[in-house]
Amino acid sequence: MQLVEKENGEITVFELGGRLDSNTSKVLEDKVMEILGQGKKKVLMDFKEVDYINSTGLRVLLLALQQLKKIQGKLVLSSIKDYMKEVFEISGYTEIFPIYATQEEALAHFS
Amino acid sequence: MQPGFSLRLQNRLLELDRLADTVEAFGEAHGLSPKLRFQIRLVLDELLTNIISYGYPEDGEHSIFVGMGQDGSLLRFVLEDDARPFDPLSAHRPDLEAAVDERQIGGLGIHLVRTIMDRVAYERVGDTNRLILEKDID
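Chains as they are written, first to last, in this note's numbering: chain W, 33 to 143; chain B, -6 to 131.
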């Protein structure tokens, strides 16, 4: 999995790519813990280049959300490919994560 | 001859990459939609991850059979392994945290399998665990 980290003011943007699965999701988990340790509270995860996610990847997203909620932080998702949207719905994630079609729209959420 | 594929995987999580490649290749060759290819890959991933992670307490080298056949608008999958009697459909990640949220997440993979597939069945046949999954496609 590729992970590019960008700062947009107070918002940390993770541009993810490739697979978010049992072999790769720890990279994201560790990265989230790292930025939380730096005091960051606003996180945007962009999925434009992510072509696969499984329950392990989905679980990491939930863990990140739980960690951020503890510190009154926010986690927003964007650019999820059409064919993956169903698993976010089945998992109930569309109810608990703000999800946007583009990174730009997601950034506006924080304003 | 029905279109399909079959392969044997070692009981190692890294083998799932090889399965993903096989599913993609079959999907492209037979015009399956990106969504269906993703669904197949995900369902097999979730089940095989459970089999590999929990089916072999004594570890060792084992081989798992995965077969898929397409009969018109029906996709049928068979997974067979020689692990201990073990139904991956009922497995969940052992979770030491007590929070309700964590327990729900432990069952997410199987919830995805049951929702995406139309019929799922487990049976123990001699020394073999056998999973049969079916999906009706348009």
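It should be emphasised that the hints constitute simulated quantities derived from the structure, not laboratory data. In this text the structure is predicted, and so the values were computed from the model without any measurement. Even glycine gets a Cβ: it sits at the ideal position worked out from N, Cα and C. One or more hints might be untrue.
As the list claims (entries may be wrong) - Counterexamples of contact, computed for chain W against chain B with all Cβ distances above 10 Å:
1) Gly41
2) Gly69
3) Gly105
4) Met116
5) Glu118
6) Ile122
7) Ala133
8) Phe142
Claimed, not checked - Using 25 Å as the maximum straight-line C-alpha spacing, the simulated SDA-like pairs for lysine to any residue come out as follows:
9) B:Lys28 to W:Lys63
10) W:Lys117 to B:Asp14
11) W:Lys58 to W:Glu39
12) W:Lys113 to B:Glu21
13) W:Lys80 to B:Glu127
14) W:Lys72 to W:Glu118
15) B:Lys128 to B:Leu12
16) W:Lys117 to B:Tyr115
17) B:Lys28 to B:His55
18) W:Lys80 to B:Ser83
19) W:Lys80 to B:Thr15
20) W:Lys113 to W:Glu61
21) W:Lys113 to B:Lys128
22) W:Lys63 to W:Gly105
23) W:Lys117 to W:Gly71
24) W:Lys58 to W:Ala140
25) B:Lys28 to W:Arg91
26) W:Lys102 to W:Asp83
27) W:Lys38 to W:Pro130
28) W:Lys72 to W:Tyr115
29) B:Lys128 to B:Pro50
30) W:Lys117 to B:Asp10
31) W:Lys113 to B:Leu29
32) W:Lys102 to W:Glu81
33) B:Lys28 to W:Thr134
34) W:Lys113 to B:Asp52
35) W:Lys113 to B:Asp129
36) W:Lys117 to B:Ala76
37) W:Lys117 to B:Ser26
38) W:Lys117 to B:Asp129
39) W:Lys117 to W:Ala140
40) B:Lys28 to W:Ala140
Practice prompt. Return the numbers of the hints above that this structure violates; sort them in rising order.
Written response: 4, 5, 6, 9, 13, 14, 16, 17, 18, 23, 24, 26, 28, 29, 32, 34, 36 and 40
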